[in-house]
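Novice: Sequence:
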Amino acid sequence: MTKSLLCGLLAVPLLALIACGPADDDRKAARQPGEETTESTAPQQPVDEQPAPGAQYAAEAPAGRLPEGVRPTSYRLDLLLDPRRDDFSGSVEIDIQLDKAADHLWLHGKNLDISEATATLADGRTVDAEYLEVLDSGVSRVGFAEQLPAGEFTLRFEYSAAYDRNLAGLFKVEEQGDAYALAKSESIQARKYLPGFDEPGLKAPFDISLTVPEGYAAISNGREISREPAGDGLEKVTFATTRPTPTYLLSLSVGPFDVVERPAIPANEYRKEPIPLRGFARRGRGGDLDYILDITPRMVQIYEEELQRPYPFEKLDIVAAPQWPSGATELSAAITYREQRILVEGDKPAPGARLALLGVHAHEIGHMWFGNLVTPPWWDDLWLKEGFATWGTPLVLTIMEPDGGHDLNAAASAISAMQLDSLASTRAIREPIEDNHDIRNAYDAITYRKSLGVINMVDRYFGAGTFRPALGRYIETFADGVAASPDFYRVIGEETGTPELTETFRSFVEQKGVPLLEMAVNCDEGGAASIEVSQSRYKPLGSPIADVDKKWSIPFCFSSDSGVQQCQILTQPRQAIEVSGGECPQWLLPNAQGSGYYRWSLQEAQWAPLLERFAMFEPTEKLSIIDSAFADFEAGRLPAATLVEVIQKSARAEKRQVIQAPLEYLEKYRRNYVSEKAQPAFLAFAQSLYGPVLKETADSDDSDDSEQQLLHSELLSFMALTAGDPDARKQLAEKAAAFTGFERKRDAEALDSDLYEAALTVAVQDTDGFLPHLIAMRGDLDDPRFDNASANAIGSTDNPDQLETIRKLALGEDMGSREAFGLIQHALAEPATREQNWQWLQREFPAVLEKIPGQWRRQTPAFARNFCDGDRLEEVQALFRQHGKLAPGYQRSLAQTEEQIQLCMALKEKGEGLVAALP
Numbered sequence: 040m041t042k043s044l045l046c047g048l049l050a051v052p053l054l055a056l057i058a059c060g061p062a063d064d065d066r067k068a069a070r071q072p073g074e075e076t077t078e079s080t081a082p083q084q085p086v087d088e089q090p091a092p093g094a095q096y097a098a099e100a101p102a103g104r105l106p107e108g109v110r111p112t113s114y115r116l117d118l119l120l121d122p123r124r125d126d127f128s129g130s131v132e133i134d135i136q137l138d139k140a141a142d143h144l145w146l147h148g149k150n151l152d153i154s155e156a157t158a159t160l161a162d163g164r165t166v167d168a169e170y171l172e173v174l175d176s177g178v179s180r181v182g183f184a185e186q187l188p189a190g191e192f193t194l195r196f197e198y199s200a201a202y203d204r205n206l207a208g209l210f211k212v213e214e215q216g217d218a219y220a221l222a223k224s225e226s227i228q229a230r231k232y233l234p235g236f237d238e239p240g241l242k243a244p245f246d247i248s249l250t251v252p253e254g255y256a257a258i259s260n261g262r263e264i265s266r267e268p269a270g271d272g273l274e275k276v277t278f279a280t281t282r283p284t285p286t287y288l289l290s291l292s293v294g295p296f297d298v299v300e301r302p303a304i305p306a307n308e309y310r311k312e313p314i315p316l317r318g319f320a321r322r323g324r325g326g327d328l329d330y331i332l333d334i335t336p337r338m339v340q341i342y343e344e345e346l347q348r349p350y351p352f353e354k355l356d357i358v359a360a361p362q363w364p365s366g367a368t369e370l371s372a373a374i375t376y377r378e379q380r381i382l383v384e385g386d387k388p389a390p391g392a393r394l395a396l397l398g399v400h401a402h403e404i405g406h407m408w409f410g411n412l413v414t415p416p417w418w419d420d421l422w423l424k425e426g427f428a429t430w431g432t433p434l435v436l437t438i439m440e441p442d443g444g445h446d447l448n449a450a451a452s453a454i455s456a457m458q459l460d461s462l463a464s465t466r467a468i469r470e471p472i473e474d475n476h477d478i479r480n481a482y483d484a485i486t487y488r489k490s491l492g493v494i495n496m497v498d499r500y501f502g503a504g505t506f507r508p509a510l511g512r513y514i515e516t517f518a519d520g521v522a523a524s525p526d527f528y529r530v531i532g533e534e535t536g537t538p539e540l541t542e543t544f545r546s547f548v549e550q551k552g553v554p555l556l557e558m559a560v561n562c563d564e565g566g567a568a569s570i571e572v573s574q575s576r577y578k579p580l581g582s583p584i585a586d587v588d589k590k591w592s593i594p595f596c597f598s599s600d601s602g603v604q605q606c607q608i609l610t611q612p613r614q615a616i617e618v619s620g621g622e623c624p625q626w627l628l629p630n631a632q633g634s635g636y637y638r639w640s641l642q643e644a645q646w647a648p649l650l651e652r653f654a655m656f657e658p659t660e661k662l663s664i665i666d667s668a669f670a671d672f673e674a675g676r677l678p679a680a681t682l683v684e685v686i687q688k689s690a691r692a693e694k695r696q697v698i699q700a701p702l703e704y705l706e707k708y709r710r711n712y713v714s715e716k717a718q719p720a721f722l723a724f725a726q727s728l729y730g731p732v733l734k735e736t737a738d739s740d741d742s743d744d745s746e747q748q749l750l751h752s753e754l755l756s757f758m759a760l761t762a763g764d765p766d767a768r769k770q771l772a773e774k775a776a777a778f779t780g781f782e783r784k785r786d787a788e789a790l791d792s793d794l795y796e797a798a799l800t801v802a803v804q805d806t807d808g809f810l811p812h813l814i815a816m817r818g819d820l821d822d823p824r825f826d827n828a829s830a831n832a833i834g835s836t837d838n839p840d841q842l843e844t845i846r847k848l849a850l851g852e853d854m855g856s857r858e859a860f861g862l863i864q865h866a867l868a869e870p871a872t873r874e875q876n877w878q879w880l881q882r883e884f885p886a887v888l889e890k891i892p893g894q895w896r897r898q899t900p901a902f903a904r905n906f907c908d909g910d911r912l913e914e915v916q917a918l919f920r921q922h923g924k925l926a927p928g929y930q931r932s933l934a935q936t937e938e939q940i941q942l943c944m945a946l947k948e949k950g951e952g953l954v955a956a957l958p
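Heads up: the sequence shown begins at 40 in the numbering used here, then just goes up one per residue.
No lab work stands behind these hints: they were computed from the structure.
Note that CB positions come from ideal geometry on N, CA and C, so glycine has one too.
There could be a bad hint or two in this list.
To be verified - Okay, derived cross-link-like pairs now, EDC-like style, lysine to aspartate or glutamate, Cα gap no bigger than 20 Å in a straight line: (1) LYS769 with ASP786; (2) LYS947 with GLU913; (3) LYS387 with ASP791; (4) LYS694 with GLU746; (5) LYS139 with GLU197; (6) LYS947 with ASP786; (7) LYS311 with GLU515; (8) LYS354 with GLU384; (9) LYS590 with GLU782; (10) LYS707 with GLU571; (11) LYS707 with GLU948; (12) LYS924 with GLU883; (13) LYS387 with GLU643; (14) LYS311 with GLU343; (15) LYS949 with ASP908; (16) LYS354 with GLU470; (17) LYS589 with GLU651; (18) LYS694 with GLU440; (19) LYS387 with GLU889; (20) LYS354 with ASP246; (21) LYS589 with GLU542; (22) LYS589 with GLU571; (23) LYS890 with GLU852; (24) LYS949 with GLU473; (25) LYS590 with GLU549; (26) LYS924 with GLU473; (27) LYS354 with GLU263; (28) LYS354 with ASP297; (29) LYS924 with GLU948.
What the hints assert, rightly or not - Computed spacing ranges between beta-carbons, pair by pair: (30) PRO538 with LEU160: 24 to 34 Å; (31) ASP588 with GLU384: 49 to 59 Å; (32) ALA871 with SER619: 30 to 40 Å; (33) ARG710 with ALA787: 30 to 40 Å; (34) GLY952 with ASP744: 53 to 63 Å; (35) PRO678 with ARG710: 50 to 60 Å; (36) ALA585 with ASN307: 50 to 60 Å; (37) GLY909 with ALA955: 19 to 29 Å.
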């Protein structure tokens with residue numbers, strides 16, 4: 040038995056007695072971020088007045104990146120992980136290269152009990168070290184008893200810690216009587232279970248050994264190479280050395296998982312060795328992994344073919360985590376998902392669940408190259424992993440399913456990013472991150488969806504034959520290392536010999552905002568025609584945006600009735616372009632193919648002929664028309680009547696994505712601008728417009744057309760929740776009652792998961808006695824999708840008499856932290872009870888923050904984004920002045936929430952005018 044394991048076995052019971060009793064747990068729960076527990080040297084002095092250990096070093100501690108000159112070269116991690124206990128213990132040895140002599144270094148560690156710290160020098164001498172946690176973000180100082188010389192040395196820690204309670208770091212969950220331990224490290228959570236260098240660019244190989252209960256599955260990044268008895272019902276599992284890995288991608292999972300072995304993914308022209316493929320799910324759910332395991336080999340193959348580079352790891356594990364704070368995380372060779380995203384009961388998932396599963400899986404597999412093999416050195420280049428994995432998703436899925444509509448889903452996703460990108464408070468794709476608390480704010484629609492739009496625009500404009508081979512060269516150049524945006528630009532530019540391509544990337548990646556192209560058509564008496572294109576930053580009504588004179592290098596394509604598509608790169612604030620054909624165009628479409636990441640504005644007279652031929656355009660072009668029409672309306676330019684015509688024409692389109700495009704806007708306008716007097720007219724308009732489409736898709740449940748089934752579910756939900764259609768509401772309430780067995784025998788086939796939330800919401804709002812039935816049902820039905828949807832539906836109650844019940848549920852032990860977040864979010868979105876729920880949130884805000892996942896606390900200002908008045912805005916600001924320190928990193932979300940409320944108020948007159956213009 041190793042010394043570290045022996046220490047762990049001895050330390051854990053002692054820690055359980057002296058550090059994890061109820062009184063200590065209560066103290067930890069009440070502690071605010073930044074506070075530390077200390078031994079009091081003056082008993083009469085309150086603990087919170089004591090200086091925290093390491094406080095004297097806080098001023099010099101790095102708030103963001105660690106200082107240069109100290110690099111890990113390898114880790115040896117040996118942990119005792121028994122999820123039946125409340126804590127874990129072990130040791131880590133880190134080989135370090137020190138460029139200059141030093142008496143201390145900075146690394147990361149948070150809430151760790153370090154029992155021993157030493158440095159072993161190249162000559163074999165051992166030097167004592169002192170470990171101090173200095174910043175609440177997990178920045179720690181290691182001081183040495185003497186100055187260490189430049190060169191290599193090994194830093195060793197013996198330590199222990201409690202399992203995290205809030206799905207961060209190394210956490211423990213219990214499901215159906217079993218306990219599981221899992222590590223969620225992205226972005227800066229590895230420091231909660233590993234003292235080390237918790238930055239993406241500080242990659243190093245890991246040798247990992249885990250001592251676990253006998254018979255339990257153990258999962259890590261390397262393949263399992265041995266399993267030996269360790270006494271006391273334990274066994275030691277040793278894994279193969281990993282490739283250089285950043286800490287945020289470490290995989291550690293232990294529990295009584297079902298293990299599903301699949302045939303290895305065969306070798307091919309890019310890879311000589313087969314890839315062992317396995318799936319892991321909690322006890323009893325292994326069979327529900329069949330669907331995702333069936334599609335995995337083909338996805339891997341397509342990525343290898345498109346990138347012309349092999350899958351980079353020795354094995355591939357698919358892990359369905361009983362609880363997980365995000366949808367999925369691309370842990371190298373051990374991709375880990377929140378189980379409701381990938382578990383499928385029966386032979387076929389519901390269409391929406393299937394589409395979500397395909398999307399998340401293709402995204403995470405793409406990360407094996409983008410992020411895992413080639414890693415950004417710091418979080419300001421997050422787009423190089425998240426953007427390219429997002430772009431790769433529709434690429435792979437379209438090859439798998441050419442008629443699956445995945446290209447349209449990608450176009451709609453990119454367009455949706457423009458709403459966030461239209462705010463003054465938005466961020467650039469690549470923007471400096473100076474503080475650890477600001478890192479998670481980069482995980483937003485800008486990094487994912489805007490990056491998708493920009494990459495897709497470049498790929499379409501310059502051609503897959505130019506761009507994709509250069510992308511493969513980039514991966515090859517930086518394999519097992521790190522690459523920042525300048526590295527990417529350089530390699531792509533050298534490989535393509537196309538400076539315009541790299542300049543396009545640079546202009547869109549490094550400045551924020553949506554380009555607006557304003558079109559003026561000029562025709563002389565001789566028949567010659569030209570368009571003058573002016574570019575600026577898009578700015579909606581009421582916006583504080585001041586930098587409207589920005590310019591981009593924009594791949595611009597337009598079409599007209601000349602029948603010729605014209606393309607060129609726009610680089611100037613104003614450019615004149617001659618129209619082919621020599622005649623004045625009758626109509627003009629400023630985003631041919633719909634792949635440009637920009638909005639456009641036409642002269643008023645140009646809209647009518649464009650809309651006359653709306654049905655003739657490609658679906659991606661229709662999406663661009665719809666988006667630019669709403670944007671022009673919200674900027675105060677487009678007449679309400681023209682926007683109404685756009686909405687009407689979209690409802691008669693053939694493709695699901697086009698029909699759905701206005702629905703989110705209509706929901707927003709109803710919530711904010713439809714008075715009680717105007718409501719009958721709005722509801723009549725929505726019902727008359729979408730009711731016929733709903734009827735046309737009514738038989739989709741019996742068809743094999745998943746797009747029609749998806750459209751039917753989306754429209755049925757919209758008709759019930761936004762259009763207030765009584766028939767739709769009755770239908771959904773009946774489905775919910777039958778599915779849950781409310782006052783009847785339960786029919787498990789009455790409701791598919793795509794309609795869970797809408798049906799349960801309607802039943803909660805319309806059916807007496809359904810809410811307590813639903814709450815009881817949550818404990819009886821082992822369906823994670825149902826758990827999420829039912830929590831959201833419970834939060835959507837419009838009955839004030841039920842509010843106390845749902846609040847106790849949200850903060851109680853019977854509801855998970857993710858589900859509690861969803862319940863509260865929906866409670867603040869329900870107009871009938873919003874005010875009462877807002878007053879409650881202000882009173883109970885610290886308790887709410889304690890309940891929800893730790894990495895989501897910075898997003899809590901978004902709870903207030905449905906407000907549209909100045910009084911509530913002031914209350915939101917006051918709430919975070921008082922409690923902001925409990926939600927580190929909240930500032931960006933608060934700024935965006937403030938601006939969205941202000942924009943909502945600024946659009947009030949226009950919004951009410953639109954409602955008045957409805958036929």
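Novice: For every hint, state whether the structure bears it out.
Specialist: Outcome of the hint check:
no. : hint                           : verdict
1   : LYS769 with ASP786             : 17 Å, holds
2   : LYS947 with GLU913             : 19 Å, holds
3   : LYS387 with ASP791             : 11 Å, holds
4   : LYS694 with GLU746             : 8 Å, holds
5   : LYS139 with GLU197             : 26 Å, violated
6   : LYS947 with ASP786             : 45 Å, violated
7   : LYS311 with GLU515             : 17 Å, holds
8   : LYS354 with GLU384             : 26 Å, violated
9   : LYS590 with GLU782             : 63 Å, violated
10  : LYS707 with GLU571             : 34 Å, violated
11  : LYS707 with GLU948             : 14 Å, holds
12  : LYS924 with GLU883             : 15 Å, holds
13  : LYS387 with GLU643             : 49 Å, violated
14  : LYS311 with GLU343             : 12 Å, holds
15  : LYS949 with ASP908             : 16 Å, holds
16  : LYS354 with GLU470             : 35 Å, violated
17  : LYS589 with GLU651             : 33 Å, violated
18  : LYS694 with GLU440             : 16 Å, holds
19  : LYS387 with GLU889             : 38 Å, violated
20  : LYS354 with ASP246             : 16 Å, holds
21  : LYS589 with GLU542             : 15 Å, holds
22  : LYS589 with GLU571             : 17 Å, holds
23  : LYS890 with GLU852             : 9 Å, holds
24  : LYS949 with GLU473             : 40 Å, violated
25  : LYS590 with GLU549             : 12 Å, holds
26  : LYS924 with GLU473             : 18 Å, holds
27  : LYS354 with GLU263             : 10 Å, holds
28  : LYS354 with ASP297             : 18 Å, holds
29  : LYS924 with GLU948             : 37 Å, violated
30  : PRO538 with LEU160: 24 to 34 Å : 50 Å, violated
31  : ASP588 with GLU384: 49 to 59 Å : 56 Å, holds
32  : ALA871 with SER619: 30 to 40 Å : 57 Å, violated
33  : ARG710 with ALA787: 30 to 40 Å : 34 Å, holds
34  : GLY952 with ASP744: 53 to 63 Å : 39 Å, violated
35  : PRO678 with ARG710: 50 to 60 Å : 23 Å, violated
36  : ALA585 with ASN307: 50 to 60 Å : 54 Å, holds
37  : GLY909 with ALA955: 19 to 29 Å : 24 Å, holds
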